[in-house]
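Novice: Chain by chain, the residues:
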Amino acid sequence: MTNENRLNPEELVKYFKDKFKTKIKNAQIKKRAAGKKKNETATIWMKVDKGAFKELIKHLCDLQFPHLAVISGNDLGKTIELIYHFSINFGKRMEEINLNISVELPKSKPEIETICDWIPGALITEREKMEMLGVKIIGIPDNRRCFLPDDFPKGVYPWRRDETGPDKLYKNLHEVKK
Amino acid sequence: MKPVATTKTTYHIPIGPIHPALKEPVYFEFEIDGERIIDVDVKLGHVHRAIEWASRKRNPIQILYLAERICGICSYCHPIAFALAVESIADIQVPERAEYLRVIQGELERICSHILWAGVVAHEMGFDTVLYFTWQIRERALDLTEYLTGNRITKGITMIGGMRRDITKDMIPRIHKDLQYFKEYYKKLEKIFLNDKTIKMRSQGVGILTKEDALKFCAVGPTTRASGVKKDVRLGTSYFAYGDLDFDYITPDVLTGTINGDVFDRIVQRLLEINQSILLIEQCIDKMPSGEIVAEPNLSKLLAQLKKVNGEGIGRHEAPRGEVIHYVKLDGNESPYTWKVRAPTYNNILPWIPMLKGNQIADIPIVAASTDPCMSCTNRVAVVKDGNMYEMTKEELHCLSVEKTRRLMK
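For the protein sequence lines, the chains are F and V, in the order given.
Read left to right, the first sequence gives residues 1254 to 1431 (our numbering).
Read left to right, the second sequence gives residues 6 to 415 (our numbering).
Think of the hints as simulated: they come from the structure by calculation, not from any bench.
Model, not experiment: these values are computed from the prediction.
Any given hint might turn out to be false.
Stated by the list, open to error - Computed footprint of chain V on chain F, listed as stretches where at least three residues anywhere in the stretch have a Cβ under 8 Å from a Cβ of chain V:
#	segment
1	1321-1334
2	1395-1408
Claimed, not checked - No more than 25 Å apart at the CA atoms, straight line, and that leaves these computed lysine to aspartate or glutamate pairs for DMTMM-like:
#	chain 1	residue 1	chain 2	residue 2
3	F	Lys-1389	F	Glu-1308
4	F	Lys-1291	V	Asp-96
5	V	Lys-192	V	Glu-144
6	F	Lys-1345	V	Glu-287
7	F	Lys-1274	F	Glu-1264
8	F	Lys-1283	V	Asp-336
9	V	Lys-62	F	Glu-1416
10	F	Lys-1276	F	Asp-1328
11	V	Lys-362	F	Asp-1395
Virtual Cβ for every residue (Gly too), placed ideally from N, Cα, C.
Produce the entire structure from the sequences given, and follow the hints as far as they go.
Specialist: Spelled out as structure tokens, the structure:
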């Protein structure tokens, strides 16, 4: 946690590309300017293979302990996409970088390893992904529901857009006896 | 923590979902040994309203007003974070004047929120005169908000690509007058909170969050800064006009020389931030350039433009309680494909556990309130002891806290 390797956005992307080669796809840096002085802030987006994901988080933690803001998720039809929103390089003026790492999981086997062993603060957001998207987080220290009530039907995932989605819950209320 | 593993030495008390310190429903289960808290478990979701689901049938402009209703106190932070996300996807350049107006609204909201919080903390300790004193100042801040936006709470001032109302020349004297008032009363507030012996006795060394825990549990906002982590979206990144303004990271050692990460430090932190916000508004008024306040005033044109956009983006803003982050994915339809909202309290839940462990039952209200969780209203507590359940009302738990203050004063 004491590591303070501050890389600029270009160096950071290069560092991960050198380490993970083709396992990183669509890495891009977007910069946006604001105010009269047009100072810029960089946002990095990258997609990583499921197999290399945990390794990448470990490398990131070794480089500099990141702040995990939240994990967001999309149901993309055949796959489920998880996006881990990190911010790094905080503590100095206008040096903070937004780092968004996305992973795609096949719907047939939506499983991913937990990152709670590196970043304990990920627990609540990982629990949320389990109940909302039906993703299995392997090795999560606490697998209870977080936001959904205990009597919410099993096998229904509110963020899904397929047959496991919540449509029937609000369309035919008499069928689910709610 | 396993449920109902009652042994001879420890017992469990459930607190909530309706809770004395948090005006918003959160359920705690404490494992207690005598007066000491041994373990804490937190359950959430009692007010999960599926707002993100509701957004699937709305267009981005309608979502601004939906986002405003996520939280009554952060009613500016959520729409503005959503607007930032959409602007970054559609690459909309916000006019410079609007960037300054956005800072003024953000800081005014911070003043309202921090002063409200100072009153709540005083109330939890049993200093109700301070509660009325702080809320008197807040009333003035709300009046100013009404003067600038037309509303006290749900301001409806955000627009994608800018702001909806300008600050005209004739409004400036009133703003200066009110800022002067805040400065005067801020000094009194500082004197009350920093020099009072009882406040120190109640809050120093209580609810400690170490710097390491703050980083590990990804705490945000004043909670993490009071533990010495320099993390502030306003300073770390360049958005709105914050990049142009002259200000710096605040941690409690600026005033006290040390960082302990206890309740007292969180009080100091928020007080210092009130002062910082007053100075930021002053700077904005001085430096504000003239010009347009919105990139595209024609809303139908704006919506048509947003309909053509494909992509994803994030919007981050430093709300009074810490960073809010919105993730938006637009896919060329009228409504966004995904909208994910992360409010600051979400990240400040886990840090409660190290804060509360080892403290006393009477400290629960002030420790829980010290992270300034989002609020609504209060009620009762059920205490389970030796298998028999009896209820403690909100008033009783509050009395416990007040009694402890009185005890310390003797």
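Novice: Each of the hints needs a verdict: does it hold here or not?
Specialist: Verification of the supplied hints:
{"no.": "1", "hint": "1321-1334", "in the structure": "holds (count 6)"}
{"no.": "2", "hint": "1395-1408", "in the structure": "holds (count 5)"}
{"no.": "3", "hint": "F:Lys-1389 to F:Glu-1308", "in the structure": "holds, 18 Å"}
{"no.": "4", "hint": "F:Lys-1291 to V:Asp-96", "in the structure": "holds, 15 Å"}
{"no.": "5", "hint": "V:Lys-192 to V:Glu-144", "in the structure": "holds, 17 Å"}
{"no.": "6", "hint": "F:Lys-1345 to V:Glu-287", "in the structure": "holds, 24 Å"}
{"no.": "7", "hint": "F:Lys-1274 to F:Glu-1264", "in the structure": "holds, 14 Å"}
{"no.": "8", "hint": "F:Lys-1283 to V:Asp-336", "in the structure": "holds, 19 Å"}
{"no.": "9", "hint": "V:Lys-62 to F:Glu-1416", "in the structure": "holds, 19 Å"}
{"no.": "10", "hint": "F:Lys-1276 to F:Asp-1328", "in the structure": "holds, 22 Å"}
{"no.": "11", "hint": "V:Lys-362 to F:Asp-1395", "in the structure": "holds, 19 Å"}
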